[in-house]
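Undergrad: Protein chains in written order, with the numbering used here: chain E, 6 to 255; chain R, -3 to 109; chain G, 4 to 133.
Worth flagging that the hints you see were computed from the coordinates, not collected in a lab.
FRET-style restraints, in silico, Cβ to Cβ:
1) E:Arg152 x G:Gly113: 23 to 29 Å
2) R:Pro37 x G:Val121: 19 to 25 Å
3) G:Leu124 x E:Arg193: 44 to 50 Å
4) R:Arg108 x E:Ile129: 55 to 61 Å
5) E:Gly253 x R:Phe79: 34 to 40 Å
6) E:Met67 x G:Val121: 45 to 51 Å
7) E:Asn60 x G:Ser30: 34 to 40 Å
8) R:Arg108 x G:Cys13: 46 to 52 Å
9) G:Gly131 x R:Leu55: 20 to 26 Å
Derived DSSO-like pairs: lysine-lysine, alpha-carbon spacing no greater than 27 Å straight-line:
10) G:Lys95 x E:Lys125
11) E:Lys198 x E:Lys122
12) G:Lys67 x R:Lys43
A quick note: this is a predicted structure, and the numbers were derived from the prediction, not measured.
Ideal placement from N, C-alpha and C gives every residue a C-beta, glycine not left out.
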Amino acid sequence: MTPLKERLVQLEVLRYNPDTDTEAHFQRYEVMCQEEWVVLDALNKIKADIDPTLNYRWSCHMAVCGSCGMMINGEPKLSCHAFLRSYEGVIRVEPLAHFPVERDLVTAPDDFMEKLKRIKPYIIPKEKKPISEGEYKQTPAQLMKFRQYSMCINCMLCYAACPQYGLTPDFIGPAALTLAHRYNLDSRDGGRKERQEVVATHEGVWECTFVGACSEVCPAHVDPASALQQMKITSSIDWIVEHLVPGGKS
Amino acid sequence: MAKSHKPVVWFPFAAGGTVIAFCIPVIILLTFLAALGHVPPGLSYEKLHAFAASGIGKLVLFGVIALSAWSSAHRLRCTCYDFGLRADTLVATVLYVAAIVGSIAAALFLMRI
Amino acid sequence: MSRRPLVRECPPTTWYFRQPRYLRYMSREITSIFIGAYCVLLVVGLQRLAAGPAAWEGFLTALKSPASIVFQFLCLVAAVYHAATWFNATQKAMPIQIGEDFVPGNLISGAHYAAWAVLSLVVLFLAGVF
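Start from the sequences, fold in the hints, and give me the full structure.
TA: If you want it as structure tokens, here you go:
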């Protein structure tokens, strides 16, 4: 059997202990890795063999759970999706940008969780009907209308990439707004006007300047940038109807 | 938080951005050719004056200038913020007023033609 | 267990140096300075046109200065870059669904490029360039 190729990899990892530190510092690790490994594998080896005090989140190791987001050489990536073979030299690993650091590579996602809830991420039926009347039906075409926007894995890479979120933390942000769009486009939903109370505010879509970084880093190909641009257009049409059309109600 | 009135400035920005994209490059090309010494016949006083004197000419010239000016002003406002200049109300006022003044000036000059 | 999260500031004046895509974004945004300045040139041109043939000839002569040539070249580059980024972005804002499929985004952008080319050629023809 041919031996698997190995490679000595150097990682420069941000360390922060909230009990003892006031600032972060970097710690360099050298670890022997298999050629086909991802950064997460290297971190796991470090934790197992070198430094058990290193903290980071991970779960599925296949880019579907959204747990292992971090900055790898300054780029927001899922560490299970960042192949060592793509990198040369020392690999810099930092916690996801624009979020407070709890400990080492673990960030506090509280702001994101709160914003997800704020946009009402659930079906608000157009017409309520009792269970006895059966299910809400939907054609494949109606599903396709919003399906792309339902693929978000809440990994927060888009928030780390978005400079407007970095500069203006009040910004509701790509993933939350895209989720609102997902429900707005759902044929079973009638809650768009309700969500507009959040979406059409200054910290809603209007903070976005279409940098497009969010869509570039999204591992699930959700394309949040497109959702936000579409909502800018519908919000503008709403405004015209509300303010310029006689009898146009909000 | 109340719904924003951003559409008031964003809608003309979007329209203007489209106008800039479609029309401005070829217009620059025309004046650029003139600058290089090959004045296109359409840029001669007689031809351009005749175009600007017509109703459609006035509409086209005003529309292109007004929308392009507004779109540039709005984008420049956002760019100033991106560069760290945080006095947004002041920047917005200066830039939007400049765009409006430019558009009014264009209208006045067109009416003299 | 104490909870003292570390907050890392996003530097308001230098954040765009952190990733190449941010620099590309800023380049796109900066085109607005050139387009805005060119609009000033157009308004001045209108004033000269309204002031009579002599004033217009003066305007055309002023266009021939080296500074004006450099300025207009930069404006042309900026305008083309704006147009390209704008047309590439439009496909995101206007998804066209036919049945269960979507019209490919490149087709939508491509249609814009085609319309842009046709319009530009028509204008150049009407201006007597060819």
